[in-house]
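Peer 1: Residue strings, one per chain:
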Amino acid sequence: MARHLSALIVAAAVAALLTGCSAPGAATPASDTATGSADAAGWPRSVEHELGTTEIPEKPLRIVSTSPSITGSLLAIDAPLIASGAATVTPLTDDQGFFTQWAETAEERGVEVAYKNLTLDVDAVDAFEPDLIIGSSNGGDATGDAYEQLSEIAPTVMLDYSSITWQELTTELGEITGMEAEAAERIAEYDDWVAEQAKQISLPEQPVTALVYMGADGSWAFTADSPQAELLTSLGFTYEPVAAEYRADDQSGRGVDVLTSENSAAGLAGAETILTVAMGGGDPVADFTGDPLLANQPAVANDRVFSLGTQSFRLDYYSAKLTVELLVDTFAG
Amino acid sequence: MTLTVRAESGAARERRPAPVRRTAALIAVAGIALAVSAVLGLGLGSNRIDPATVVAALTAYDPSDDAHLVVVQSRLPRVVLGIIVGAALGLAGALMQSVTRNPLADPGILGVNAGASLLVTIAIAYLGVTGIGGYIWFAFLGAAAAAVVVYLLGSARRSAATPVRIALAGTAVSIVLGAVTQMILISNETSFNTYRYWVVGSLQGRGAEVILTVLPFIAVGILAALVLIGPLNAISLGDETAAALGTRVAAGRAGTALAVVLLAGSATAAAGPIGFISLGAAHISRHFTGNEHRRLIPAATLVGAALLVAADTAGRAIVAPSELQTGIAAALFGGPLFIALVRSRRVASL
Numbered sequence: 001m002a003r004h005l006s007a008l009i010v011a012a013a014v015a016a017l018l019t020g021c022s023a024p025g026a027a028t029p030a031s032d033t034a035t036g037s038a039d040a041a042g043w044p045r046s047v048e049h050e051l052g053t054t055e056i057p058e059k060p061l062r063i064v065s066t067s068p069s070i071t072g073s074l075l076a077i078d079a080p081l082i083a084s085g086a087a088t089v090t091p092l093t094d095d096q097g098f099f100t101q102w103a104e105t106a107e108e109r110g111v112e113v114a115y116k117n118l119t120l121d122v123d124a125v126d127a128f129e130p131d132l133i134i135g136s137s138n139g140g141d142a143t144g145d146a147y148e149q150l151s152e153i154a155p156t157v158m159l160d161y162s163s164i165t166w167q168e169l170t171t172e173l174g175e176i177t178g179m180e181a182e183a184a185e186r187i188a189e190y191d192d193w194v195a196e197q198a199k200q201i202s203l204p205e206q207p208v209t210a211l212v213y214m215g216a217d218g219s220w221a222f223t224a225d226s227p228q229a230e231l232l233t234s235l236g237f238t239y240e241p242v243a244a245e246y247r248a249d250d251q252s253g254r255g256v257d258v259l260t261s262e263n264s265a266a267g268l269a270g271a272e273t274i275l276t277v278a279m280g281g282g283d284p285v286a287d288f289t290g291d292p293l294l295a296n297q298p299a300v301a302n303d304r305v306f307s308l309g310t311q312s313f314r315l316d317y318y319s320a321k322l323t324v325e326l327l328v329d330t331f332a333g
Numbered sequence: 001m002t003l004t005v006r007a008e009s010g011a012a013r014e015r016r017p018a019p020v021r022r023t024a025a026l027i028a029v030a031g032i033a034l035a036v037s038a039v040l041g042l043g044l045g046s047n048r049i050d051p052a053t054v055v056a057a058l059t060a061y062d063p064s065d066d067a068h069l070v071v072v073q074s075r076l077p078r079v080v081l082g083i084i085v086g087a088a089l090g091l092a093g094a095l096m097q098s099v100t101r102n103p104l105a106d107p108g109i110l111g112v113n114a115g116a117s118l119l120v121t122i123a124i125a126y127l128g129v130t131g132i133g134g135y136i137w138f139a140f141l142g143a144a145a146a147a148v149v150v151y152l153l154g155s156a157r158r159s160a161a162t163p164v165r166i167a168l169a170g171t172a173v174s175i176v177l178g179a180v181t182q183m184i185l186i187s188n189e190t191s192f193n194t195y196r197y198w199v200v201g202s203l204q205g206r207g208a209e210v211i212l213t214v215l216p217f218i219a220v221g222i223l224a225a226l227v228l229i230g231p232l233n234a235i236s237l238g239d240e241t242a243a244a245l246g247t248r249v250a251a252g253r254a255g256t257a258l259a260v261v262l263l264a265g266s267a268t269a270a271a272g273p274i275g276f277i278s279l280g281a282a283h284i285s286r287h288f289t290g291n292e293h294r295r296l297i298p299a300a301t302l303v304g305a306a307l308l309v310a311a312d313t314a315g316r317a318i319v320a321p322s323e324l325q326t327g328i329a330a331a332l333f334g335g336p337l338f339i340a341l342v343r344s345r346r347v348a349s350l
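First to last, the sequence lines map onto chains Y and Z. Each residue of the first sequence is one higher than the one before, counting from 1 in the UniProt record's numbering. Each residue of the second sequence is one higher than the one before, counting from 1 in the UniProt record's numbering.
Worth flagging that the hints you see were computed from the coordinates, not collected in a lab. Even glycine gets a Cβ: it sits at the ideal position worked out from N, Cα and C. Just to be clear, a hint being listed does not mean it is correct.
[Claimed, not checked] Only pairs whose alpha carbons sit at most 25 Å apart, straight line, appear in this in silico SDA-like list of lysine to any residue: (1) Y:Lys116 to Z:Met183; (2) Y:Lys116 to Z:Leu168; (3) Y:Lys321 to Y:Glu245; (4) Y:Lys116 to Z:Pro336; (5) Y:Lys116 to Z:Ile32; (6) Y:Lys116 to Z:Gln182; (7) Y:Lys116 to Z:Ala125; (8) Y:Lys116 to Z:Val180.
[Unchecked claim] With the C-beta cut set under 8 Å, the calculated list includes, among others, these residues of chain Z facing chain Y: (9) Gly45; (10) Asn47; (11) Gln73; (12) Ser322.
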């Protein structure tokens with residue numbers, strides 16, 4: 001509740017500041033990441049990001065996203081997005097490669113596909129005549145290698161969305177695009193809504209662990225500071241990370257702890273309830289409970305393995321809401 | 001990289017220690033290596049399990065004990081599958097080298113693995129095939145098609161299918177098939193997870209179903225090899241000599257090719273493409289047994305099994321608490337072994 005209240009206060013303060021000192025349509029004051037010789041409206045502003053510092057001369061009106069994982073957060077703050085790179089078509093996307101959780105919103109706003117299959121096409125990006133390009137420095141949709149080329153087209157900002165929550169990413173995007181108010185408002189609205197949703201949940205046996213089951217590759221369990229764990233905590237769940245001694249160390253720091261197949265049962269022994277992401281669609285609960293090595297895991301032995309849905313691997317405003325709705329449906333009191 | 005192939009005269013051969021004794025020594029060493037690796041393979045892994053628990057899991061299995069589950073459900077099938085796949089690969093390598101009289105012959109180098117991989121990928125991506133029972137037919141088909149294409153390319157324009165021409169054709173076909181496989185994968189992310197694990201070559205997570213599916217095919221391949229001992233011995237003397245001895249060379253070649261497709265296709269379907277085991281097992285065995293197939297066939301089969309199980313076990317011991325996939329372990333240990341073989345100038349004549 002305190003968190004919810006503080007978010008409201010922040011939103012109100014930002015809104016007051018905006019109406020107090022900005023002309024209609026003008027941008028916001030400089031923020032932590034936007035400093036320098038800003039004029040009264042906060043432009044030009046200089047943005048520090050993963051691959052350097054970029055000067056944005058004025059409030060962008062034509063943004064191209066080269067990261068479909070970031071596109072959802074741009075849509076959530078009503079940023080003037082004209083085109084986005086599309087992912088490969090999977091059960092997680094629509095038929096042009098936009099993630100299902102925001103594809104409809106993108107269509108309503110006329111966002112075009114800049115290029116398909118995560119195959120960056122610099123000329124196609126150029127053709128949209130963007131005044132700001134936003135991309136990812138790592139992950140499957142990374143375009144960091146083309147940073148110099150993209151920077152020649154328009155000011156380019158490269159973010160690492162994998163190490164922060166969607167709220168932090170949304171706030172950062174608000175500062176970059178001059179839409180701080182919208183970002184704060186969206187987060188506050190979400191917090192309000194989650195607080196309401198949490199009341200409808202009757203918690204299963206606690207604690208819980210959320211993971212992606214990888215079959216013979218074992219399990220990728222989300223860390224306690226991952227966006228997925230934070231989402232669960234905000235709904236009242238108690239989150240249990242995997243036992244430290246069983247973590248394979250090749251993926252640490254990416255929001256997941258990797259457990260080999262042989263170590264999964266021991267590593268997950270503390271979890272009374274397991275939530276598993278349906279990465280490729282299908283039935284992740286049947287896959288997980290069907291693994292003979294996990295037969296004695298408490299959640300498996302007591303039928304407390306549930307699906308976390310297809311949207312929860314990449315959390316943004318839209319997929320977080322869908323994930324919360326799924327959890328409310330599953331654990332309605 | 002050039003392989004030195006020495007032509008040996010009959011006199012030189014007689015000066016060697018008796019091949020029978022050398023073969024017996026090789027089989028004894030390979031048998032011990034296999035037994036030790038298999039026992040260690042039950043005890044080693046990403047989860048540390050003490051020897052007493054391993055023994056208890058095997059003698060008094062308690063399914064409510066997680067450690068017992070790991071030993072019986074994970075490590076035992078892995079070792080058994082390692083033996084089967086390694087044996088198939090070792091024998092396939094020896095047969096391919098004999099029938100082509102080519103010291104570079106190997107299911108990896110001659111494109112057979114790449115052919116099997118491509119068709120399995122197509123099966124996963126477009127036909128929704130998920131189980132080993134489905135993979136295996138596509139693996140056979142791909143293995144056979146690739147072998148035929150490589151042979152035709154290597155012997156085009158009525159030129160002789162020299163070892164280098166065949167190896168070049170095999171490498172070219174492998175690269176093309178590999179590129180097509182990647183192309184399919186890029187546009188099919190859903191199939192990627194299934195494929196990703198398979199393509200590295202792994203013995204992990206394959207249970208009794210996989211073993212029982214491939215075992216009959218591999219058994220037929222081994223039986224075919226035993227039946228072909230006579231023709232293969234004759235072919236190793238050269239086609240004309242073989243024909244003069246009354247051997248039906250073409251039929252012998254066709255039968256051997258079929259055996260290779262069964263063995264390499266089954267191994268690839270079961271564990272994904274695994275390199276170096278075929279080449280290594282065949283060369284090590286031939287060095288000790290010579291070109292007499294009554295000795296070579298059992299030796300290559302046993303050495304292949306020992307090499308794969310040893311590589312897999314060593315791989316697991318090195319990276320715990322992570323897992324090293326078998327294909328990577330085979331390449332890590334097989335690569336240096338193969339270089340040592342080439343450098344020793346003891347690559348056997350064919």
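Peer 1: Of the hints given before, which are not true for this structure?
Peer 2: 2, 3, 4 and 5
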